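Undergrad: Line by line, the protein sequences give chains B and E. Taking this note's numbering, I'd label the letters of the first sequence as residues 5 to 194. Taking this note's numbering, I'd label the letters of the second sequence as residues 5 to 194.
Just so you know, the hints here were simulated from the structure itself, not pulled from any lab data. Do not rely on the hints blindly, as some may be mistaken.
Note that the list lumps identical chains together, so a pair holds whenever it fits in one copy or between two copies.
[As the list claims (entries may be wrong)] 30 Å max Cα-Cα, derived DSS-like pairs, lysine-lysine: (1) LYS8 / LYS120; (2) LYS98 / LYS132; (3) LYS132 / LYS120; (4) LYS133 / LYS98; (5) LYS120 / LYS98; (6) LYS133 / LYS8; (7) LYS8 / LYS98.
All of these numbers come straight from a predicted model, not from anything done at the bench.
These are the residues of each chain, in order.
Number of protein chains: 2
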Amino acid sequence: MGRKLIYLALVHYPVLNRHGELIASAITNLDIHDIARLARTYELSAYYLVTPLPDQQVLARRLVDHWLEGAGGGINPDRREAMGLIRIAGDIEKVRSEINLETGRSVLVYAATARKWPNSIDWPGLRKKIEDQGRDSVLLLFGTASGFDNSVLESVDGVISPIEGNREYNHLPARGAVAITLDRLLGDRN
Amino acid sequence: MGRKLIYLALVHYPVLNRHGELIASAITNLDIHDIARLARTYELSAYYLVTPLPDQQVLARRLVDHWLEGAGGGINPDRREAMGLIRIAGDIEKVRSEINLETGRSVLVYAATARKWPNSIDWPGLRKKIEDQGRDSVLLLFGTASGFDNSVLESVDGVISPIEGNREYNHLPARGAVAITLDRLLGDRN
Numbered sequence: 005m006g007r008k009l010i011y012l013a014l015v016h017y018p019v020l021n022r023h024g025e026l027i028a029s030a031i032t033n034l035d036i037h038d039i040a041r042l043a044r045t046y047e048l049s050a051y052y053l054v055t056p057l058p059d060q061q062v063l064a065r066r067l068v069d070h071w072l073e074g075a076g077g078g079i080n081p082d083r084r085e086a087m088g089l090i091r092i093a094g095d096i097e098k099v100r101s102e103i104n105l106e107t108g109r110s111v112l113v114y115a116a117t118a119r120k121w122p123n124s125i126d127w128p129g130l131r132k133k134i135e136d137q138g139r140d141s142v143l144l145l146f147g148t149a150s151g152f153d154n155s156v157l158e159s160v161d162g163v164i165s166p167i168e169g170n171r172e173y174n175h176l177p178a179r180g181a182v183a184i185t186l187d188r189l190l191g192d193r194n
Numbered sequence: 005m006g007r008k009l010i011y012l013a014l015v016h017y018p019v020l021n022r023h024g025e026l027i028a029s030a031i032t033n034l035d036i037h038d039i040a041r042l043a044r045t046y047e048l049s050a051y052y053l054v055t056p057l058p059d060q061q062v063l064a065r066r067l068v069d070h071w072l073e074g075a076g077g078g079i080n081p082d083r084r085e086a087m088g089l090i091r092i093a094g095d096i097e098k099v100r101s102e103i104n105l106e107t108g109r110s111v112l113v114y115a116a117t118a119r120k121w122p123n124s125i126d127w128p129g130l131r132k133k134i135e136d137q138g139r140d141s142v143l144l145l146f147g148t149a150s151g152f153d154n155s156v157l158e159s160v161d162g163v164i165s166p167i168e169g170n171r172e173y174n175h176l177p178a179r180g181a182v183a184i185t186l187d188r189l190l191g192d193r194n
């Protein structure tokens, strides 16, 4: 078993707003930072910000470069280390092909959702898949706003079961869902 | 076994800054919101914001009331429900005595830290303690800034093992640490 190659993408399109309408959401500085620190903690290979909007890509690049090349990284080298994992891409397909090219493996794509979805993968099952990972790499997709458009969930290799799907309240922040997901799949159990 | 009574406190004093100096940190709107949503998801009894500074207590009260009584809660009732768990207290001792009074039980206090600490409690051990919870209630303490002053860790019933303490990078956001801790202790394992 070689080194695990786990990638994460935070997706800003195609997602839904709270009325169920298809939108491209705005990037948020906080999700960039928090999820970069989580990605670094759990030793992911890269963290993709996915947005098709050119001005949002430029903004994301500037926010990241402040930490990689500008004043931020000098003050806080730990943050620079985390921000160095970030890549920017226009769509999910681009992320998939870039990972395939980089790893020489076929990437398996799993999407997180707060919704019930038929034949979703349970947590122990997905953890085992990742632990047994042989020639594949894994890409975990997280949606922003009110979550993925169905087209995403229909096109991936698997949809991950909701976090705490049997509880009454179901409104975790995306960065909280990322923290819990990475810990459930990759965390130390002792 | 009765209903589990689990409380959480986010502590702004006594904590350390990055130079190891004792400070009172500022409350942040984001930690209020994110941790309230996590507390509601995992069905905690209350979420305490702990700060001795009167102006910070007033500010916290205003931020919370915007959602409980002001415009915010009408637009987003789910957020109002989460924010309703928040209480404000001047110090940890006040939190402890308020919980004892409310529950009629003796509260056991556990502190989270990113540091190694002698005789810290491992995760399965603390999870089991909570699952077996009989006549006690439990208070989980989280520090802001660069974490608790030693005086806190020395005075609690137990210090929780660091999250991913065997990994190289150790800089989780507090709200990420709260998410992972609640999930490890109270989350569904399937």
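Undergrad: Look at each hint and say if it fits the structure.
TA: Here's how the hints hold up against the structure:
no.	hint	result
1	LYS8 / LYS120	both (28 Å within a copy, 27 Å between copies)
2	LYS98 / LYS132	within (27 Å within a copy, 45 Å between copies)
3	LYS132 / LYS120	both (21 Å within a copy, 29 Å between copies)
4	LYS133 / LYS98	within (24 Å within a copy, 47 Å between copies)
5	LYS120 / LYS98	within (27 Å within a copy, 41 Å between copies)
6	LYS133 / LYS8	within (11 Å within a copy, 33 Å between copies)
7	LYS8 / LYS98	within (21 Å within a copy, 47 Å between copies)
Checked against the numbered hints above, the structure breaks none of them.
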